[in-house]
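Protein chains in written order, with the working numbering: chain A, 1 to 405; chain B, 1 to 149.
Think of the hints as simulated: they come from the structure by calculation, not from any bench.
Possibly wrong hints are sitting among the right ones.
Only pairs whose alpha carbons sit at most 27 Å apart, straight line, appear in this in silico DSS-like list of lysine-lysine [to be verified]:
hint, chain 1, residue 1, chain 2, residue 2
1, A, K369, B, K131
2, A, K72, A, K239
3, B, K84, B, K63
4, A, K372, B, K131
5, B, K63, B, K86
6, B, K63, A, K372
7, A, K187, A, K140
8, B, K63, A, K369
With the Cβ distance kept under 8 Å, some of the chain B side facing chain A (calculated, not the full set) [unchecked claim]:
hint, residue
9, M1
10, S4
11, L7
12, G43
13, C69
Short, incomplete list of chain B residues facing chain A, as computed with Cβ under 10 Å [said to hold, decoys possible]:
hint, residue
14, L3
15, E6
16, S19
17, Q73
Backbone N, C-alpha and C define an ideal beta-carbon position, used for all residues, glycine too.
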Amino acid sequence: MDWHRIRSDFPIFDQQVHGHPLVYLDSAASSQKPRAVIQALSHYYERDNANVHRALHELSVRATDAFEAARKKVAGFIGAATDDEIIFTRGTTEGINLVANTWGTQNLRPGDVILITGMEHHSNLVPWQLLAQRTGATLKHIPVLDDGTLDSAAIETLLNDQVKLFAFVHISNSLGTINPARELCAKARAVGAVTLLDGAQSAGHMPIDVRELGCDFFVFSGHKMCGPTGIGVLYGRMKLLETMPPWHGGGEMILSVSLEASTYKPPPHRFEAGTPDIAGVIGLGAAIDYLQAIGLENIQRHDHNLSNYAVQQMREVPGIRILGPDFGHRGALVAFHLDCAHPHDLVEFANSHGVAMRGGHHCTQPLMKRFKVPGTTRASFYFYNTLEEINRLVEVLHAARQFFT
Amino acid sequence: MPLSDELRDLYQQVILDHSRNPRNHGEIPPPCLHAHGDNPSCGDEIDVWLRLSDDGQNIEDLKFTGQGCAISQASASMMTQKIKGKSKEQAAAMREDFRRVVMGDGTPQDEEALGELILLEGVQKFPQRVKCAMLAWRAVEQALDSGQG
Numbered sequence: 001m002d003w004h005r006i007r008s009d010f011p012i013f014d015q016q017v018h019g020h021p022l023v024y025l026d027s028a029a030s031s032q033k034p035r036a037v038i039q040a041l042s043h044y045y046e047r048d049n050a051n052v053h054r055a056l057h058e059l060s061v062r063a064t065d066a067f068e069a070a071r072k073k074v075a076g077f078i079g080a081a082t083d084d085e086i087i088f089t090r091g092t093t094e095g096i097n098l099v100a101n102t103w104g105t106q107n108l109r110p111g112d113v114i115l116i117t118g119m120e121h122h123s124n125l126v127p128w129q130l131l132a133q134r135t136g137a138t139l140k141h142i143p144v145l146d147d148g149t150l151d152s153a154a155i156e157t158l159l160n161d162q163v164k165l166f167a168f169v170h171i172s173n174s175l176g177t178i179n180p181a182r183e184l185c186a187k188a189r190a191v192g193a194v195t196l197l198d199g200a201q202s203a204g205h206m207p208i209d210v211r212e213l214g215c216d217f218f219v220f221s222g223h224k225m226c227g228p229t230g231i232g233v234l235y236g237r238m239k240l241l242e243t244m245p246p247w248h249g250g251g252e253m254i255l256s257v258s259l260e261a262s263t264y265k266p267p268p269h270r271f272e273a274g275t276p277d278i279a280g281v282i283g284l285g286a287a288i289d290y291l292q293a294i295g296l297e298n299i300q301r302h303d304h305n306l307s308n309y310a311v312q313q314m315r316e317v318p319g320i321r322i323l324g325p326d327f328g329h330r331g332a333l334v335a336f337h338l339d340c341a342h343p344h345d346l347v348e349f350a351n352s353h354g355v356a357m358r359g360g361h362h363c364t365q366p367l368m369k370r371f372k373v374p375g376t377t378r379a380s381f382y383f384y385n386t387l388e389e390i391n392r393l394v395e396v397l398h399a400a401r402q403f404f405t
Numbered sequence: 001m002p003l004s005d006e007l008r009d010l011y012q013q014v015i016l017d018h019s020r021n022p023r024n025h026g027e028i029p030p031p032c033l034h035a036h037g038d039n040p041s042c043g044d045e046i047d048v049w050l051r052l053s054d055d056g057q058n059i060e061d062l063k064f065t066g067q068g069c070a071i072s073q074a075s076a077s078m079m080t081q082k083i084k085g086k087s088k089e090q091a092a093a094m095r096e097d098f099r100r101v102v103m104g105d106g107t108p109q110d111e112e113a114l115g116e117l118i119l120l121e122g123v124q125k126f127p128q129r130v131k132c133a134m135l136a137w138r139a140v141e142q143a144l145d146s147g148q149g
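Only chain A is shown next, with the shape it has when bound in the complex:
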């Protein structure tokens, strides 16, 4: 693969930050966008802009075709059985809230257990807390071990027939841990629990096949995989989607409406009230085309090389503590703590050298408490990053150590 040529697909890298070439190591927060995605957005607004599913005029037909073609692309991208299992949302967070507010409210009773893990992003924690409060269900979590993996002994006891829903993260945004999703979904199925897999950090980083994984719901965001912000996907198995009530009411999701009552469309439109983010959906479709042209296996391999190299090099920095599993088993990120500098000071220092990282609790406050750190600094990678950029990061860490010690 010619990764340097691929990198040149991203106009944003053609700039200096604080007098240094931009080294963007914050893709776990939001990825950069290739020209193909940016052009898909402007093409839509310049040539095809109209509302979807409503009018019969030419532009609306084009917009609707492009919109539904993107749904088909998403279905193919994650291996869904039908296009109708793909619901467009604003992002991972909205997808989880949709499941909590429809399937969750309908199915959970006092005494039922919602099981999560100790490494969930707040978006896969708070909606379940709210659901537990509403329904009287109990929220439990699988503890995280010192090496950043899930406590498998605890899984055996906690994942029992009281569990109605098991929601867990595919790749941890704070540790890089890749959870054994297929195995966990199979265990959940064996006790009759429904599964929701948070794919925010895995979609676009590795091949995803929801039927192979065996999950009932899969959620992800477009903007972390080269797509626009404000668009995301909820996949649900049709057998479940069919039984779920609407969440938001409004136009587009109804069959017929009287002043007293309404009937609703089948999925996915039942869950897509109002004018959707049409440009966002089309941009997401373009992102999927782009990623598939490179190949998800190739991206996964490159991710792997980058994070392994980063761990290897960063280990040599004195006073560093790297969180998460040993190499070989981590996603494209390294979260760490440097004994001499608070994450925000380190991020500020790196920024002044053109290196963009994230510092703080990464929306996983319980995990920070678990590892007894106030926060961490996180370098996260995507296929456009290079080994030279990791060398630059390591240089900056050494310099920061001199400066702050």
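Got chain A; can you put chain B on it based on the hints?
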């Protein structure tokens, strides 16, 4: 590796020294005024303890504990040195002057009273760090307010 002027101004040696070796660090046993301040978005935390004079007008003693970035901890440490022994009114005036300095919002009324706190003016170039610099000051304000009723 060359460092930018802005970065050198932000992290001057005096500031780094205060963050590494904070002055007036610790708690004051009750009775005293106490407040907890935090920046939820970044996780910085400060607890301040104040003892007022018998007439309730002067800050006789002041200590803090906390965790966070160098700016939040240095600002707290330097603040305790400057407002200890001052009246509540003087402390409020210094807080306003300090806010002007870190936000670059006009000139302070009494620059001399701020002393080395002026060194934190480098924060001006880093607007997202203003809340770090102000954290301890907001906590003191809160503690004093809690003593009003």
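Agreement of hint B:C69 with chain A interface, Cβ distance less than 8 Å:
Nearest chain A Cβ about 4 Å off; hint holds.
Need the status of pair B:K84, B:K63: alpha-carbon distance at most 27 Å?
holds, 9 Å
Under 8 Å is the threshold here; is the Cβ of B:S4 close enough to any Cβ of chain A for the hint to stand?
holds, 5 Å
Against chain A, is B:Q73 within 10 Å by beta-carbon distance?
holds, 8 Å
Straight-line alpha-carbon gap A:K187 to A:K140, limit 27 Å:
Holds, at roughly 16 Å.
Hint check, B:E6 versus chain A [nearest Cβ-Cβ separation less than 10 Å]:
Given a least distance of 7 Å, the restraint on B:E6 holds.
Satisfaction of hint between B:K86 and B:K63, Cα-Cα up to 27 Å:
holds, 14 Å
Against chain A, run the beta carbon of B:L7 and see if the smallest gap drops under 8 Å.
Since the shortest Cβ distance to chain A is 4 Å, the answer is holds.
Compare the distance between the alpha carbons of B:K63 and A:K372 with 27 Å, and conclude whether the hinted pair is satisfied.
holds, 24 Å
Restraint status (C-alpha distance of A:K369 to B:K131 at most 27 Å)
holds, 23 Å
Does the structure keep A:K72 and A:K239 at a Cα separation of 27 Å or less?
Judged against 27 Å, a Cα distance of about 19 Å means the pair holds.
Holds or violated: A:K372 with B:K131, Cα cutoff 27 Å?
Answer holds: A:K372 to B:K131 is near 24 Å, not above 27 Å.
No hint from the list above goes unmet by this structure.
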